[in-house]
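Engineer: Each chain, written out:
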Amino acid sequence: MKPFRILIRLGAALGLACGGSAHAALNVFACEPEWAALASAIGGDKASVYTATTAYQDPHRIEARPSLIARARSADLLVCTGAELEIGWLPVILADAGNRAIQTGQPGQFLAADYVTLLEKPAVLDRSAGDVHAAGNPHIQTDPRNFTRIGAALAARMAALDPPEAAHYRARWADFASRWDAAIARWEGQAAPLKGVPVVVQHNAFPYLERWLGLKRVAVLEAKPGVAPSLGQLAEVKARLAATPARMVLRAAYQPPRPSAWIADQAGLAQVVLPFTVGGDAQSGDLFGLFDSTVSKLLAGLR
Amino acid sequence: MYRPALLATALAAAFPAYANSDLDALRAELKDMKAAYEARIQALEARLQQTEARSTPAQTAAAAEPSAQPATARRGFNPDVSLILQGKYAHLDNRDERFVSGFAGAGEHGHGGSKRGFSVDGSELVLSASVDPYFRGYLNAVLDDGEVEVEEAWFQTSSLGRGLSVKGGRYKSGIGYQNEQHPHAWDFATNNLMYEVLFGEGYVQDGLQLKWLAPTDTFLELGAELGNGNAFPATNNGNNGANSVALFGHVGGDVGASNSWRAGLSWLSARPRGRAFESHDINDVEVAGDFSGKSRTWLADFVWKWAPNGNPTQQNFKFAAEYFQRKESGNLACDDADPGNPSLCTGGLAAPFSADQTGFYTQAVYQFMPQWRVGYRYDRLLRGDVAFNGSDAGNTFETLADYDPRRHSLMVDYSPSEFSRLRLQYSRDKAQQGVDENQFYVQYIMSLGSHGAHKF
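Chains B and L, in that order, give the protein sequences. With the numbering used here, the residue at position 219 of the first sequence is 249, and numbering never jumps. With the numbering used here, the residue at position 455 of the second sequence is 461, and numbering never jumps.
Quick caveat, the hints were computed from the structure, so don't treat them as lab data. All values derive from a computational prediction rather than experimental measurement. Cβ atoms here follow ideal geometry from the backbone N, Cα and C, with glycine treated the same way. You can take every hint at face value.
To spell it out: a stretch of chain L is covered by chain B in this simulated footprint if at least three of its residues, at any positions, have a beta carbon under 8 angstroms from a beta carbon of chain B; those stretches are:
{"no.": "1", "region": "130-142"}
{"no.": "2", "region": "169-176"}
{"no.": "3", "region": "215-227"}
{"no.": "4", "region": "261-274"}
{"no.": "5", "region": "317-325"}
Whenever a hint applies, use it, and build me the whole structure from the sequences.
Structural biologist: Put into structure tokens, the structure is as follows:
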């Protein structure tokens, strides 16, 4: 029994050491950089935000690294996409973090996909179709209008979790939302020439972006989501493009360049590498930069 | 204090109607919902008309209702189910017996890969789900010819908070690194020699585990386990209380975006009583007996993973090494396994036995392009001092001869998707004294069903 006693004492000592600095900032664990940016925009200096992944990582495939478990341990609020995007790693983090606040169903768990209407719900769920998501396509951060709804809900959630600072969160959100609405109008104006432009995408990562700007997706390089396309499949896409030509091929910063480069070369398309999330290129330092960059890169693809 | 806060949060989540922009968002959401429902109602009406055209109204109602619900709606209440199919083809020499020389090992239980030709390994059926807001449950049953073995069946708390969690039932012990992994998650087709002699496959026991995660940015986890000791090197002594105690600690972190690591130290203590001992004497006559005494094992483990920018999909590298020291002391009783075939133990021999042994494995696995990995593993055991009846145990038992077993393994595997893997492995096996065997394995691992998240 002795080791137990030592363990408990050690735990108590560390608990006291850390309890002293309680009620500092709202600790936010964001699964993806876009939610980290949103939480920071709302929280300002009242929120301490940790980002679990970067724009150069595939959010479907993340190692459940010890560092992520350690960071989830002290989080007051977990902000993730949901819709099964993080299903390959988040469950391990939640199980091992020993943090009641962020478990499923707790107010400390905020899933952005719960606040928007998901596109492309599969009619048939079968693995032979590749890595399909039962809830619908989870890449919701490519439409800025989604942030308006998600941000409103997140601001309310942060205010509820940290009542003394509720006014702070609400004020910051109101300020952000008005600037965001103006920016959306600006982006839509800039992106007007993109309406109806036919595009090819590498991974089916942009249905929300396509819907927002009126892009027309004519082909997906990955025949099955999450499975790298073979040369045969690429050749098939090329044949299809001969009949229905496209202007450009889109891929996210984290995706391998080769399939896009091949089809761009073969079918004479412009290659557009979109930041996909905050940090995906030099310009995408925050959410405004993310869409400034996305729109300007798409427009450059037209030339 | 806590309840009103909770209530407020729930209300806030349900009605995010503070600022004007919130109202706008709510309106937009309502509008979208309305549009979605209208579309759905139209679809339903169309379907209703179709069905009505060919069936009675009573059937129509039954057919239309379930399809109105999305396919995922009920999934949340069902446990996640997955099934792992695994099997192999092994090209091995024809040997009467296979054992690891110099070690009183866990014996037959191991996944040592001793079957020649084609064979199906146990199929793992895994069920897991949240029990309620306070617990989650997990079952791993291995289906084999004529038997179902419960490999793991446990509950774990999910609501204790403060980094604490309690696991109870039958579970894979948290000691070491590979111990918690099931065979389908191994990087090689066969177990390493270290785990083979220490535990057979891995240390599993019925009991309780307490884990605590420190509130630090660097990963620091401490754990303690009490168990009934129903697996080698312990024995279930049929008494109240614990027959086996394990303590472990793990630390880990990242170095930049591309590197991550974890290191650990573990201790396992048991007091086996009448633990079966099967061997040969030096004249190759079978003896049987049992060991009673104490067994202490230390394990040190280290894992390092690399992936460019932390994105393992294209390329990644994994290095793992574990080291152990096991000390056992007590009494070994032995006798003839077959009374008609007298051995050195004839008439029953009980004498002091002690062992002080070490060993390690070290492995590297490199994914050089998507779907393809190569790996190399080196296993080596140091037999150390093993004494029986006042002299070296190798003077009495052939299986405890003074010999340091080792094995080299080379593998290449191909994973068409996250759910399937095919593997080719070559091993140069010198685990048994006087044997130098070339072994070839072709293995498949298929997982069906829910998306199992793997540990680091």
